[in-house]
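Top line first, the protein sequences correspond to chains A and B. Just so you know, the numbering used here puts 145 at position 145 of the first sequence, and the rest follows in order with no gaps. Just so you know, the numbering used here puts 224 at position 8 of the second sequence, and the rest follows in order with no gaps.
One should not assume that every hint holds.
To be verified - DSS-like mimics (lysine-lysine), calculated; alpha carbons at most 25 Å apart, straight line:
hint, chain 1, residue 1, chain 2, residue 2
1, B, Lys235, A, Lys92
2, A, Lys188, A, Lys122
3, A, Lys209, B, Lys264
4, A, Lys208, B, Lys235
Think of the hints as simulated: they come from the structure by calculation, not from any bench.
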Amino acid sequence: MNNVEKQALIQFKKEIRHFSLVTSTNLIIGAIAIAAGIVYIIAAILGLTAYLVSPELRVIAGAIAMVCFGLGVSVLHVTLGIFRGLRAIKDKIDRDGPAITDDRVTCLIVQMTAYYREIRKKLGTVILVGPLCGFCVFVLGIVTGLEALSLTSSGFSFTLNSQVTLFAQCLTLAIAMLSLFSSYYFTKFAMAWNHRIAEIEASECALKKTLGLDDQ
Amino acid sequence: MSGRRTVYEIYWEILVYCKTPRTFTAIINRCDLNSKTGQEYLGFLTGKEYLTATTDEGRTRYVSTPPAAEYIALFSSLYQNLFDERPGFRL
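Go ahead and model the full structure; you've got the sequences and the hints to work with.
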């Protein structure tokens, strides 16, 4: 294996490992959003949300919880779809180990390219829905922590429930931030691969010529 | 290998797999093709003399010819070069 091939393998392995990490993070965000939505809905059914300021706020929180649940399911479902294929490619890389042949490296790159073409739309969905999901978790955390809310013509003021620890609020903020970061990295990944797909399309002329198809 | 592949990727897969003699069934199974498209691809590659068919004990096997090496090498270098250039993906 020459230097170019070695470099390609190192970069390819690194990208798959990083993308796998971001995908796993997104799975966790989806699961947390589902859990947050379900917990609030169950608490509302059991009448444990009576501490909230007003019935209107309970309705709003219920609606946010349901949206949170729905977005969580969506994020989890789409990300799981991406994760399964990615995991298969990652397992193949790990299985091959360091004694990987040149053809095998190209084979894995072709597999990832074909797989990226398949998941391109799903990735677009996750990029949009992921941060929304994180934002909903954050808003649900804020709304369920409200003790008093007053709206006036000059503005609004609110008081957070003293029982709600700062830690819990920070956690929802961390989830929201994490969802933003994961969306950002998904975008970076999509940009890098879109660039590669464009390069592949541009280099098809050379392949055509080699195959004697340039006159067709 | 499945997913959305271009014809050039499928040609490359067939040629690499056929570096050692392979039957039609083995090729379509490995390259995830149906019989009809498999016949078309093998017909094209055989016509271009990148593959030759040999019959041994009543079984036809396909094997890549030396001219196929040029295509395989060009394809590999194009795809591996994709990882040389920035922007790459990193955390």
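Quick rundown of the hints versus the structure:
Between lysine 235(B) and lysine 92(A), the direct Cα distance comes to roughly 21 Å. Compliance with the 25 Å bound is thereby established for this hinted pair. The hinted pair formed by lysine 188(A) and lysine 122(A) meets the criterion: a straight-line CA distance of about 15 Å does not exceed 25 Å. For the proposed pair lysine 209(A) and lysine 264(B), the alpha carbon gap of about 12 Å is at most 25 Å, so the pair holds. Of the pairs offered as hints, the one joining lysine 208(A) and lysine 235(B) holds, with about 21 Å between alpha carbons and a cut-off of 25 Å not exceeded.
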